[in-house]
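Engineer: Given the sequences, and given the hints that come with them, work out the whole structure.
Below are the chains, spelled out letter by letter.
Number of protein chains: 2
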Amino acid sequence: MKIARMRTGRRVSHGVVEGDEVIELRGSIFTKFRLTDIRYPLSEVKLLPPTDPREIWCPGLNFLDHLEFAGSVLGQETPDVPKHPQPWRKGRNAMTGHLDPIILPKDAEGEVHYEGEAVAVIGKPCRRVSPEKAGRYILGYTCGNDVSERAWQGSDWTFWRAKGSDTFAPVGPWIETEIDPQELDLNVRINGEQVQSCNTADMLFSFAEVVSYISQHATLRPGDLVFSGATGVTTAIRPGDTVEVDIPGIGTLCNPVQAEFDSSAA
Amino acid sequence: MKIARMRTGRRVSHGVVEGDEVIELRGSIFTKFRLTDIRYPLSEVKLLPPTDPREIWCPGLNFLDHLEFAGSVLGQETPDVPKHPQPWRKGRNAMTGHLDPIILPKDAEGEVHYEGEAVAVIGKPCRRVSPEKAGRYILGYTCGNDVSERAWQGSDWTFWRAKGSDTFAPVGPWIETEIDPQELDLNVRINGEQVQSCNTADMLFSFAEVVSYISQHATLRPGDLVFSGATGVTTAIRPGDTVEVDIPGIGTLCNPVQAEFDSSAA
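Chains A and B, in that order, give the protein sequences. Quick note: the first sequence uses our numbering, first residue 8, plus one each step. Quick note: the second sequence uses our numbering, first residue 8, plus one each step.
It is worth saying that the hints were derived from the structure and are not from the lab. There could be a bad hint or two in this list.
What the hints assert, rightly or not - Simulated crosslink set (BS3-like; lysine-lysine; CA at most 27 Å straight-line):
#1 A:9 to A:53
#2 B:90 to A:113
#3 A:113 to B:131
#4 B:140 to A:131
#5 B:113 to A:113
#6 A:53 to B:131
#7 A:131 to B:131
#8 A:39 to A:140
#9 B:131 to B:39
#10 B:140 to A:140
Claimed, not checked - Covered stretches of chain A (chain B as the covering partner; in silico rule of three or more C-beta atoms under 8 Å from a C-beta of chain B):
#11 85-97
#12 158-171
Keep in mind that this is a model prediction, so the values were computed, not measured. Note that CB positions come from ideal geometry on N, CA and C, so glycine has one too.
Structural biologist: In structure tokens, the structure reads:
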């Protein structure tokens, strides 16, 4: 089942996507809901990030083939293979939806890169769950883009703006609830050309392991998001580009890239 | 004016504190509200953290007399005096209210310390505001405790659990809207004994400067919290302790300290 969050007129609601339609639902996607008779063509609703999370978690280095690249961005040696996740919090202010623009800050000091990732959506509160049971607390999976300004990532003490500037967290288009999260192909395309390709089978720590690890000290809540981590080597996005994060079986998150309007130049 | 957020029965509302009473209000504390005729004795309401923020920001090292200590915690040389804030995000999962317990994780590897701080409460959305104008976007100030597990702070890649474990962000008891934020005395007491004393005049970057800096890349929203940063050298808290963060003119945030129940020992 594919669950979307959408704005229709002034109303925000959830719905179930079937083909090119979305059926509005009543109730909570985390507890109990029923379908209504209200159907919209997908093309006529504004898709929002599928939840309004309390926290957005990323696992730190989670693909072997990203280690060397990450070391070079941070101006450090290639890091050792991590023995456990190294979670960090991505900014909620950065969230943006399917088809919304990624805005390149006018004062960015380096290149801004895509990082296509799969994203787990927490379905139930969890605290101190085991890796074996963590999957039960996940509602489903969606696509995300951990947009990153590489100069700030190397120079700042934290990722607050390198990965947390406004619009640097596109998420969507919807949640797929019935899918094997550790067998997902993931492709990133810029202007239709494939630039990144991986499979979540190669995650060093599975979604269940990452969720379990975080839950030892921080309660996860329904709607919280947990990114997979990035893979490989990434490249810059430019104004006018279109970035697609495509996970067959889930869907495609598509975002145009814009330059920030520079009012000081007006 | 002192604005509190409270639970009465099943209802959550805001109120204005006058003496030992709180007067319930209708409307939004961020836009327009009016007082009702409903009054409660302060002793009969459960005070909650005064807002439900989208982000909790901390400025990084922001007092000269904390630099050497911070370096020792991180296992590094004493850091240089920062040239600008180094913001980081504290976990919303960690928030807890006045009189709620700070719970020491059963698997903490080091000491857990208090860090008494003043906290700005954002009142209006702001993006790219100047330091001169940033004060207009701040509704008022409250007390906070940046509770920190010192071993994790040194060993982990980020502060996700060192400063973001559940209950590690007590905030309250209420917001004071009419006060000079850069002339606040701040005292921390453990079991009545003073252990920390400072004045916000010694902040390296004022609240307005920190808010302005963050707003260059991340939109701040009504209710978001911005901590002052910690001062001096801190010490451990133990189960059974009571920690008070007292800012004359605002109020006193008081939290008992408890050990986490260790179900594996049961």
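Engineer: Are any of the numbered hints broken by this structure? If so, which, sorted upward?
Structural biologist: 4, 5, 7, 10
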